[in-house]
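Engineer: Here the sequence shown is numbered in the numbering used here, starting from 78 and rising by one per residue.
Be a bit skeptical, because a hint or two may be false.
SDA-like, lysine to any residue: derived pairs with alpha carbons at most 20 Å apart [unchecked claim]:
#1 Lys-127 x Leu-117
#2 Lys-110 x Gly-126
#3 Lys-131 x Thr-113
#4 Lys-110 x Thr-99
#5 Lys-127 x Glu-138
#6 Lys-110 x Glu-98
#7 Lys-127 x Ala-137
#8 Lys-110 x Gly-121
#9 Lys-127 x Arg-108
#10 Lys-110 x Ser-120
#11 Lys-131 x Ser-120
#12 Lys-127 x Glu-116
#13 Lys-131 x Gly-121
Read the hints as simulated data drawn from the structure, not as lab findings.
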Amino acid sequence: MAFVETERGVIISPREVIAMETLGQIGRTLREKGITLEELIESGREIRGKLLEKEYGLRAEEG
Numbered sequence: 078m079a080f081v082e083t084e085r086g087v088i089i090s091p092r093e094v095i096a097m098e099t100l101g102q103i104g105r106t107l108r109e110k111g112i113t114l115e116e117l118i119e120s121g122r123e124i125r126g127k128l129l130e131k132e133y134g135l136r137a138e139e140g
């Protein structure tokens, strides 16, 4: 269970509900900014590749 404090008191909700609400908010924010899920995933790959190269001297294979 998750406890969420509001102005009117405390709401007790299953964690799954909180997670789904949070994912929904992330999706709305990405759409507002014009970012697709595919773009977000690709940018994550690029960032991880740069970190691998910087931290370990490894080059990510492109495929």
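Engineer: Taking the hints in turn, state whether each one holds.
Structural biologist: Here is what the structure says about each hint:
Proposed proximity of Lys-127 and Leu-117 is supported: the alpha carbons are some 15 Å apart, at most 20 Å. Straight-line distance between C-alpha atoms of Lys-110 and Gly-126 comes to about 24 Å, which puts the hinted pair past the 20 Å bound. A distance of roughly 27 Å separates the Cα atoms of Lys-131 and Thr-113; the hinted pair therefore is violated under the 20 Å criterion. Note on Lys-110 and Thr-99: the hinted pairing holds, with a Cα-Cα distance of about 17 Å set against a maximum of 20 Å.
Among the hinted pairs, Lys-127 with Glu-138 is consistent with the structure: their alpha-carbon atoms are about 12 Å apart, no more than 20 Å. Of the supplied pair hints, the one linking Lys-110 and Glu-98 holds, its CA atoms being roughly 19 Å apart against a limit of 20 Å. At roughly 8 Å between alpha-carbon atoms, Lys-127 and Ala-137 fall within 20 Å of each other, so this suggested pair holds. Between Lys-110 and Gly-121 the CA atoms are separated by roughly 17 Å; this keeps the pair inside 20 Å, and the hint holds.
The straight-line distance between the Cα atoms of Lys-127 and Arg-108 is roughly 26 Å, outside the 20 Å bound, and the hint therefore fails. With a C-alpha separation of about 15 Å, the suggested pairing of Lys-110 with Ser-120 holds against the 20 Å cut-off. Distance hint between Lys-131 and Ser-120 is fulfilled; the C-alpha atoms sit about 16 Å from each other, no more than 20 Å. A hinted pair counts as satisfied when its Cα atoms are at most 20 Å apart, and Lys-127 with Glu-116 qualifies at roughly 17 Å.
Distance restraint check for Lys-131 and Gly-121: the Cα-Cα separation of roughly 15 Å lies within the 20 Å cut-off, and the hinted pair is therefore satisfied.
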